[in-house]
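Colleague: Residues per chain, in single letters:
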Amino acid sequence: MKSSVITFPGSNCDRDIDVALKKFGFKNKMVWHADAEIPKSDLVVLPGGFSYGDYLRCGSMASKSKIMQSVINFANSGGMVIGICNGFQILVETGLVPGVLLRNKYLEFICKNVFIKINNKNNIYFKNIDNDVLEFHIAHNEGNYFCTNDQLKEIEDNEQVAINYCDKNGNIGEQFNPNGSIKNIAGILNKEKNVLGMMPHPERMIDPSLSGEDGSLFFSNLINNLK
Amino acid sequence: MIVNEQIAIEHGLKNDEYKKICELLNRTPNITELGIFSAMWNEHCSYKSSKLHLKKLPTKGKQVIQGPGENAGVIDIGDNDAIVFKIESHNHPSFIEPYQGAATGVGGIMRDVFTMGARPIANLNSIHFGSPQNKRTKNLLRGVVNGIGGYGNCMGVPTIAGQTSFDSSYNGNILVNAMTLGLVKKNKIFYSKAAGLNKPVIYVGSKTGRDGIHGASMASASFDDKIEEKKPTVQVGDPFTEKLLLEACLELMAGDSIIAIQDMGAAGLTSSSIEMASKGNLGIEINLNKVPCRETKMTPYEIMLSESQERMLIILENGKEDQAKKIFDKWNLDFAVIGKTTKSKKIELYFNEEQVANIPVNTLVENSPMYDRKWKKIKLPKKNKIKKEDLKNLKIISVLKKILSNPNICSKEWIWQQYDHTVMGDTIQKPGGDSGVVRVHGTNKAVAASVDSSAVYCWAHPLTGGKQIVCESFRNLISVGAKPIAITNCLNFGSPENEENMGEFVECIQGIGEAAEYLKYPVVSGNVSFYNQTKNEGIKPTPSIGGVGLIKDYKKMITMDFKEIDNIVLVIGKTEGHIDQSVFARNILDEKNGPPPEINLFNEKNNGETLLKLIDNNLIKSAHDVSLGGIITAIAKMCIKGNKGINVKKPKYLINEMEYLFAEDQGRYIIEINKKDFKKVTDILNKNAVHFDDLGSIKEKELYINDKTKVTIDELRSSNKKWLEEYMSK
Numbered sequence: 143m144k145s146s147v148i149t150f151p152g153s154n155c156d157r158d159i160d161v162a163l164k165k166f167g168f169k170n171k172m173v174w175h176a177d178a179e180i181p182k183s184d185l186v187v188l189p190g191g192f193s194y195g196d197y198l199r200c201g202s203m204a205s206k207s208k209i210m211q212s213v214i215n216f217a218n219s220g221g222m223v224i225g226i227c228n229g230f231q232i233l234v235e236t237g238l239v240p241g242v243l244l245r246n247k248y249l250e251f252i253c254k255n256v257f258i259k260i261n262n263k264n265n266i267y268f269k270n271i272d273n274d275v276l277e278f279h280i281a282h283n284e285g286n287y288f289c290t291n292d293q294l295k296e297i298e299d300n301e302q303v304a305i306n307y308c309d310k311n312g313n314i315g316e317q318f319n320p321n322g323s324i325k326n327i328a329g330i331l332n333k334e335k336n337v338l339g340m341m342p343h344p345e346r347m348i349d350p351s352l353s354g355e356d357g358s359l360f361f362s363n364l365i366n367n368l369k
Numbered sequence: 134m135i136v137n138e139q140i141a142i143e144h145g146l147k148n149d150e151y152k153k154i155c156e157l158l159n160r161t162p163n164i165t166e167l168g169i170f171s172a173m174w175n176e177h178c179s180y181k182s183s184k185l186h187l188k189k190l191p192t193k194g195k196q197v198i199q200g201p202g203e204n205a206g207v208i209d210i211g212d213n214d215a216i217v218f219k220i221e222s223h224n225h226p227s228f229i230e231p232y233q234g235a236a237t238g239v240g241g242i243m244r245d246v247f248t249m250g251a252r253p254i255a256n257l258n259s260i261h262f263g264s265p266q267n268k269r270t271k272n273l274l275r276g277v278v279n280g281i282g283g284y285g286n287c288m289g290v291p292t293i294a295g296q297t298s299f300d301s302s303y304n305g306n307i308l309v310n311a312m313t314l315g316l317v318k319k320n321k322i323f324y325s326k327a328a329g330l331n332k333p334v335i336y337v338g339s340k341t342g343r344d345g346i347h348g349a350s351m352a353s354a355s356f357d358d359k360i361e362e363k364k365p366t367v368q369v370g371d372p373f374t375e376k377l378l379l380e381a382c383l384e385l386m387a388g389d390s391i392i393a394i395q396d397m398g399a400a401g402l403t404s405s406s407i408e409m410a411s412k413g414n415l416g417i418e419i420n421l422n423k424v425p426c427r428e429t430k431m432t433p434y435e436i437m438l439s440e441s442q443e444r445m446l447i448i449l450e451n452g453k454e455d456q457a458k459k460i461f462d463k464w465n466l467d468f469a470v471i472g473k474t475t476k477s478k479k480i481e482l483y484f485n486e487e488q489v490a491n492i493p494v495n496t497l498v499e500n501s502p503m504y505d506r507k508w509k510k511i512k513l514p515k516k517n518k519i520k521k522e523d524l525k526n527l528k529i530i531s532v533l534k535k536i537l538s539n540p541n542i543c544s545k546e547w548i549w550q551q552y553d554h555t556v557m558g559d560t561i562q563k564p565g566g567d568s569g570v571v572r573v574h575g576t577n578k579a580v581a582a583s584v585d586s587s588a589v590y591c592w593a594h595p596l597t598g599g600k601q602i603v604c605e606s607f608r609n610l611i612s613v614g615a616k617p618i619a620i621t622n623c624l625n626f627g628s629p630e631n632e633e634n635m636g637e638f639v640e641c642i643q644g645i646g647e648a649a650e651y652l653k654y655p656v657v658s659g660n661v662s663f664y665n666q667t668k669n670e671g672i673k674p675t676p677s678i679g680g681v682g683l684i685k686d687y688k689k690m691i692t693m694d695f696k697e698i699d700n701i702v703l704v705i706g707k708t709e710g711h712i713d714q715s716v717f718a719r720n721i722l723d724e725k726n727g728p729p730p731e732i733n734l735f736n737e738k739n740n741g742e743t744l745l746k747l748i749d750n751n752l753i754k755s756a757h758d759v760s761l762g763g764i765i766t767a768i769a770k771m772c773i774k775g776n777k778g779i780n781v782k783k784p785k786y787l788i789n790e791m792e793y794l795f796a797e798d799q800g801r802y803i804i805e806i807n808k809k810d811f812k813k814v815t816d817i818l819n820k821n822a823v824h825f826d827d828l829g830s831i832k833e834k835e836l837y838i839n840d841k842t843k844v845t846i847d848e849l850r851s852s853n854k855k856w857l858e859e860y861m862s863k
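Listed in order, the protein sequences are those of chains A and B.
Every number in the numbering used here is 142 more than the matching position in the first sequence, counting from 1.
Every number in the numbering used here is 133 more than the matching position in the second sequence, counting from 1.
Derived from the structure by calculation, the hints contain no laboratory data.
A few of these clues could be false.
Calculated pairs, DSS-like style, for lysine-lysine (alpha carbon to alpha carbon, straight line, at most 25 Å) [claimed, not checked]: (1) K254/A with K271/B; (2) K668/B with K616/B; (3) K318/B with K164/A; (4) K841/B with K808/B; (5) K310/A with K774/B; (6) K164/A with K688/B; (7) K247/A with K271/B; (8) K738/B with K863/B; (9) K688/B with K165/A.
Computed from a prediction, not measured in an experiment: that's the story for all the values here.
With the hints as extra help, turn the sequences into a complete structure.
Modeller: The following block contains the structure:
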């Protein structure tokens with residue numbers, strides 16, 4: 143399986159995701175934001191970080207990078223694209239997934255482990271994962287997902303909510319919401335379910351010595367689903 | 134403007150220093166030259182009051198590749214890998230403008246590390262605030278934490294450990310010390326020594342603006358009522374540009390075109406160009422019209438003294454300019470050839486085709502003032518006699534809860550959760566343990582780092598306090614299974630012109646030196662911050678020690694959380710019952726006098742090395758050093774982290790139970806071992822003449838003392854966690 147990770151100026155999880163993808167069997171290529179075309183890929187990842195310093199609005203300048211037209215075309219033709227953290231922010235700025243990401247409710251950067259409940263397994267990203275609840279890791283300042291009521295209805299009707307913040311038993315409640323996001327949304331899909339945007343960083347949980355191993359579960363499942 | 138004595142004094146120079154400048158030049162300096170002298174001769178850049186004493190510190194060792202004098206220290210961790218590290222203060226600016234002050238402190242120290250060719254792999258910090266009741270404290274704390282996070286998070290470098298304290302002596306002068314570790318191949322380390330004639334001098338990074346002018350001079354003076362007016366001397370950070378600068382520099386460094394490189398930190402273009410020339414015994418000629426400026430009509434004086442951030446000065450091999458420029462173009466950064474090296478041994482500046490400065494380099498560096506300041510020796514205070522009736526009415530559990538919720542002991546999770554501590558995917562021990570630990574990417578090795586200070590001990594007796602911090606740093610590394618290699622120090626003191634403050638400085642250094650020498654734990658880098666005082670009030674002497682150690686096999690790393698029920702808990706090291714200057718004495722008995730606990734360097738070394746042996750033999754399940762709050766506080770933290778209980782049994786010593794549990798005797802560790810290993814472990818301890826007490830065994834979820842008094846671990850956790858969260862949410 144071939145993957146591509148886009149490096150924007152200010153990306154800082156590009157190496158981490160490269161390590162993770164390779165560990166689980168992807169042949170990964172790093173792609174520079176100023177390139178015109180992504181190489182032939184089965185998966186494109188927009189990594190975490192602070193693209194363009196997150197100045198103006200998180201992800202907004204990166205969404206206008208030269209490479210993004212090629213990423214958008216790839217997504218629109220059914221190609222798989224994951225945006226993690228800043229990558230998610232870039233995805234919402236391109237409009238590939240609906241909604242916006244606001245500043246965290248308590249106005250503080252949060253770095254910690256959280257539990258997420260898989261809301262929908264009818265997609266290539268979460269299909270075949272046995273667990274309903276995973277322990278993931280978040281590190282962000284602007285992860286407070288927001289959309290209009292109409293959008294929310296549409297997202298829910300289309301089963302686009304991928305994952306929600308919850309407790310270890312899968313209960314979704316305000317007290318388990320780290321950033322104030324609407325309905326505890328931690329990740330969403332596009333209508334066609336080939337584009338996934340999420341705040342948690344599975345690439346930081348790929349080894350028992352790190353924050354946990356549920357990231358390994360995510361990546362190994364993903365490559366099996368792709369095969 | 135014609136320079137005179139009055140203008141020199143306004144630049145922070147003393148009368149006789151100004152006279153010396155005129156003598157050295159054999160004329161009156163012009164305003165640009167005066168600015169350059171004032172920047173190079175201030176305390177922050179010249180170390181004029183500290184140099185004489187810093188020379189006494191041990192700086193050499195088998196694993197030391199580079200000691201003090203470069204941008205950062207470098208140690209060898211085997212397999213052609215080296216760690217570059219340093220700690221630096223950003224105290225004065227952080228008090229004036231906490232967000233930018235702290236942020237640029239973090240940015241500055243990372244630049245010091247990647248200037249040497251190393252990719253930063255971990256950040257740490259030591260931050261100290263006034264009394265929680267002081268009305269500025271909360272905003273300063275919030276601003277500093279946001280600033281540290283804002284910069285480090287954006288750079289994508291994990292913040293893996295730190296220390297936060299509160300003391301009323303910091304009411305008017307907070308401390309912000311930032312430390313960075315970087316990883317480099319031994320054969321790819323870059324230095325700041327210029328070499329060769331007519332080599333191009335290159336400016337890269339951000340444009341120069343009017344921010345931070347006189348920053349280093351500001352940091353070399355005490356505060357007064359007008360400190361609000363000093364805001365323009367604080368630099369403004371742009372972590373995004375620094376991230377680009379990091380990647381661009383590392384890309385250029387992969388080739389062989391750089392002769393020397395130096396970041397523009399304190400005193401900006403002035404100190405970077407002069408230091409490179411001085412080390413290479415060369416001259417430098419700069420055309421200031423070529424310097425990329427952010428604002429119009431900047432004068433030579435402003436360009437030379439600006440402390441705008443995210444800039445580097447590079448001396449390149451001839452003919453490599455185009456190739457280097459391509460890299461900086463790719464990263465959208467300024468790149469300008471601004472001058473060349475010369476044989477004149479002078480710094481010659483041109484602006485609008487006129488020479489605006491012409492100063493022999495040695496007058497700025499070798500001839501800078503050096504003072505042997507008067508200092509007062511501080512006697513060891515007399516021990517207090519603790520009255521038995523004072524202890525009688527105290528209940529152990531309520532004292533323990535009070536101590537766990539003390540601002541200086543409570544959990545700092547509210548702080549470190551705002552720092553990205555997991556980016557780079559190698560953090561294997563997060564903040565909140567004895568040391569932060571990161572793997573050396575792609576290897577089985579890991580590097581542990583800790584930052585420590587003990588202002589109360591240093592204030593009570595600087596010589597003992599100085600030794601104590603080095604020992605505590607040593608213990609914090611050993612507790613996670615790392616072999617301590619070397620330290621960096623950040624020496625935060627009051628005014629060197631005050632004999633008592635100077636005495637504290639001299640004796641703390643003496644203590645640091647003695648301990649570092651004995652433990653073979655040399656000082657490889659550091660910085661001095663004097664004048665942490667407002668009017669005549671100085672801070673408690675607060676040297677911070679950043680320690681770095683190596684774990685050869687990261688799978689052998691130890692954490693402090695209790696692991697398994699029925700395992701046995703021992704305390705290594707003898708408990709004599711030293712209560713003076715302990716948290717117990719100061720906060721529970723309200724006794725603020727007396728000596729700090731004594732340091733026995735033999736025991737420190739022997740106990741620590743023996744514990745490392747036990748760890749290497751896989752006999753240790755968890756470990757934690759005993760520090761503030763004594764044995765019971767250490768145990769409570771291990772219970773909280775592991776969500777386990779214990780039945781603590783005080784051995785039949787003659788000392789009182791309270792003294793046994795809360796004493797802060799040094800050289801001690803709590804360790805958890807498996808029952809079946811008891812004999813093996815105690816044999817090794819006995820063979821090495823290490824004293825130990827058996828404290829009991831691990832239970833479920835409750836802490837008992839001598840079978841009777843008990844408290845749930847959840848209660849202890851809530852005591853430990855809630856103070857800071859509640860304080861910050863009010």
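Colleague: For which of the previously enumerated hints does the structure constitute a violation, in increasing order of number?
Modeller: 2 and 8
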